[in-house]
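Asker: Given next are the chains, with one letter for each unit.
There are 2 protein chains.
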Amino acid sequence: MPDYDGAVTEATNSGAVTSPAKRGRGEKSSPTIYDIARLAGVNPSTVSRALSKPGRVSAKTQKIIEDAAEQLNYRVNPFARALPTGRTQTIGLIVADITNPTFFDIIRGAETTGSARDYTLVLAESAESPETELVAARRMLSTVDGLILASPRMDDEKILALAADKPVAVINREIEGVPCVVPDVNKGINQAVRSLASNGHQELAYVAGPPQSWMSSRRWEGVQAACDWYKLGAVRLESSKPTVDGGRQVARDVLASGATAVITYNDLLAIGLMQELQAAGMHVPDQISIVGFDDIFGADFTTPPLTTVRSPLGECGSLAATLLLDMLLGQDGPAEAVRVDTELVVRGSSGRLIA
Amino acid sequence: MPDYDGAVTEATNSGAVTSPAKRGRGEKSSPTIYDIARLAGVNPSTVSRALSKPGRVSAKTQKIIEDAAEQLNYRVNPFARALPTGRTQTIGLIVADITNPTFFDIIRGAETTGSARDYTLVLAESAESPETELVAARRMLSTVDGLILASPRMDDEKILALAADKPVAVINREIEGVPCVVPDVNKGINQAVRSLASNGHQELAYVAGPPQSWMSSRRWEGVQAACDWYKLGAVRLESSKPTVDGGRQVARDVLASGATAVITYNDLLAIGLMQELQAAGMHVPDQISIVGFDDIFGADFTTPPLTTVRSPLGECGSLAATLLLDMLLGQDGPAEAVRVDTELVVRGSSGRLIA
DNA sequence: ACCGATCTGTCAACCGGTTGCCAACTATTG
DNA sequence: CAATAGTTGGCAACCGGTTGACAGATCGGT
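Here the protein sequences come in this chain order: A and B. Going by the working numbering, the first sequence opens with residue 216, and the numbers climb by one from there. Going by the working numbering, the second sequence opens with residue 216, and the numbers climb by one from there.
These are computed hints drawn from the structure, not numbers from a lab. Some hints could be false.
No distinction is drawn between identical chains; accordingly, a pair holds when it is met within one copy or between any pair of copies.
Derived lysine to any residue pairs resembling SDA-like cross-links, with alpha carbons at most 25 angstroms apart [said to hold, decoys possible]:
1. Lys456 with Asp443
2. Lys373 with Gln427
3. Lys456 with Gln490
4. Lys268 with Arg353
5. Lys446 with Ala295
6. Lys373 with Ser245
7. Lys456 with Ser330
8. Lys268 with Leu298
9. Lys373 with Ala423
10. Lys268 with Phe294
11. Lys446 with Asn258
12. Lys456 with Glu391
13. Lys278 with Thr247
14. Lys456 with Ala331
15. Lys373 with Glu285
Please model the entire structure based on the sequences and the hints provided.
Answerer: This is the structure:
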């Protein structure tokens, strides 16, 4: 069965190198259902039904219309369809930072899942700013069928307001009444802290992420709880930004804290921190152990390779897209957050403390 | 002056957690120019002109209408606007692989430049397949005002066919009649080969990228020319895919080639190659020097950090977007490809050959 | 005060689909 | 064979802006 939402056929264009055909009136613009109707000898509305409402027209007419459509190489005009229906076959995704590898897998997961169900992904970034994020979200909301917010920085109430308008799914944050996909950090954190404790560490530092980050708070809580259990001291340090550079800047505070093990909000911080500590002559992991979060691209390039708590980010993106698309089909979102597992990936940046 | 293309105002929504308002008829859907017209006591067409054709209506009426629009928190319906005009205020970007860091900066560059001129970026990936790329391009073309192809894999003629339809800009490839942004690899390659020659290398291997990659061929040509000049032997090796994994797989061939210096099509290959060679006991750079391409995120995380020929990818994305947007304003594209400079970034993975 | 030029707002058609409603047609059944 | 139920196709209104054509209003110049 041909797919009128994205048919591909060889255009009989012999490589003219003029400027693109202007959309002027009377130009040879793309065929419409009216063209098909004329060719098939039926009413345009019948064509519309044949192409989008399966079963509404008789098999015979259906066939005639489909043949005519194919002959004309017809493709629906998405705007004409969107105008009366509001449906656009697109979903929006807003990430905090396009160049942060953490989001790569989320983007790909959402894109792949969306494509598989004939939805196009529209991407925007918030540059880690709650305001920019809200602007982007509002602008998007009018053009997409639903929205995925990955690690949103704006307030819960803003998100709820958006969700009241169109379906919204959230990754890396839990909000009552909005479908969420959240890595359950406790398992991974417990593994990490246990591993550090068994390697002789007694004082641990957590380098936090952006203050608006819900996930950063959860991770800190998880670290505190695990440290309590394993009888480690835990101190929280702030970072200026959740990037490699932010990690370098926080190195001073880490040293000053006296901790021998560090868990950072994300891998970028961990990498920057490790670089700076090594530049200052510290030995990782002999003198200080470093554990990151997310297992991003590049985490295993470092020397030593980074120990990290892996979240299945691709799966998060894919799950969020699935949740969203199911909601678009009229299903209710899940009653509570969908949790995915995290796990410790032990590499070389953590290990026995050599006093 | 308020911006009706993306106004943000506090919605007076008190956090109801029901499912999103359905787009049913008669719902409290968003205000239209008809609502404004009624409120302002003018004709809808006047409203339309006031909001989009500066100068066409009197200052007084303009003011009245703008006030009414603001009062109603009006925002244009993009579909209604797109239907008669064809303009959508979006540009499409197709990349070969979303998770390849090479494209991160391109994406961000295009996104930033687009946003600054009130265009939204729509992203798709081709998964390195010419067919998928064409499908994605065709699907996009009907919904965007223009298209950027980053490192396209499809044939020139296909691209020309697309370009005949809507403005297209291309990155990392040169096609007669289509505006292109192309890093001029020769400068960087010359620096690289000279550096390698001066470090005692005599046999060099180039690890090629995907066969459809125009840029891979240019790089190979550049390497050949430079090796000729500096009197080095040059051999070309094929990779299965332009990823870290592909780099690992080609390590065997590199060793078999007897080359003491390797230039790879991109950094991912270089990183994988280096990992595999080191795992096999080789010492980088004492026994073999490795030079990558692009200076992607993470290239400096490796041990030793990667020497690489940097292309200003962010600038490429930004330039391509600028070219495209200028064409949308009616300007002609540049007569020939826009070239940006490349330069060698010397890090630890290349150096003196210790025989 | 008159006249043409310019400005400003209105009318109506249009972009290309979707859909409620109705009439005609087909099939089923008594 | 007629009555009834179920299908199928057509008509026309509608989604929300844009725009060419035009007429009334305004204005400057003489």
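Asker: Determine for every hint whether it applies to the structure shown.
Answerer: Right, here's what the structure says about each hint:
{"no.": "1", "hint": "Lys456 with Asp443", "verdict": "neither (27 angstroms within a copy, 47 angstroms between copies)"}
{"no.": "2", "hint": "Lys373 with Gln427", "verdict": "within (13 angstroms within a copy, 46 angstroms between copies)"}
{"no.": "3", "hint": "Lys456 with Gln490", "verdict": "within (16 angstroms within a copy, 30 angstroms between copies)"}
{"no.": "4", "hint": "Lys268 with Arg353", "verdict": "between (31 angstroms within a copy, 24 angstroms between copies)"}
{"no.": "5", "hint": "Lys446 with Ala295", "verdict": "neither (64 angstroms within a copy, 63 angstroms between copies)"}
{"no.": "6", "hint": "Lys373 with Ser245", "verdict": "between (41 angstroms within a copy, 18 angstroms between copies)"}
{"no.": "7", "hint": "Lys456 with Ser330", "verdict": "between (33 angstroms within a copy, 23 angstroms between copies)"}
{"no.": "8", "hint": "Lys268 with Leu298", "verdict": "both (17 angstroms within a copy, 22 angstroms between copies)"}
{"no.": "9", "hint": "Lys373 with Ala423", "verdict": "within (24 angstroms within a copy, 49 angstroms between copies)"}
{"no.": "10", "hint": "Lys268 with Phe294", "verdict": "both (18 angstroms within a copy, 22 angstroms between copies)"}
{"no.": "11", "hint": "Lys446 with Asn258", "verdict": "neither (77 angstroms within a copy, 74 angstroms between copies)"}
{"no.": "12", "hint": "Lys456 with Glu391", "verdict": "neither (28 angstroms within a copy, 44 angstroms between copies)"}
{"no.": "13", "hint": "Lys278 with Thr247", "verdict": "within (17 angstroms within a copy, 39 angstroms between copies)"}
{"no.": "14", "hint": "Lys456 with Ala331", "verdict": "between (35 angstroms within a copy, 24 angstroms between copies)"}
{"no.": "15", "hint": "Lys373 with Glu285", "verdict": "between (46 angstroms within a copy, 20 angstroms between copies)"}
In terms of the numbered hints stated before, the structure departs from hints 1, 5, 11, 12, listed from lowest to highest.
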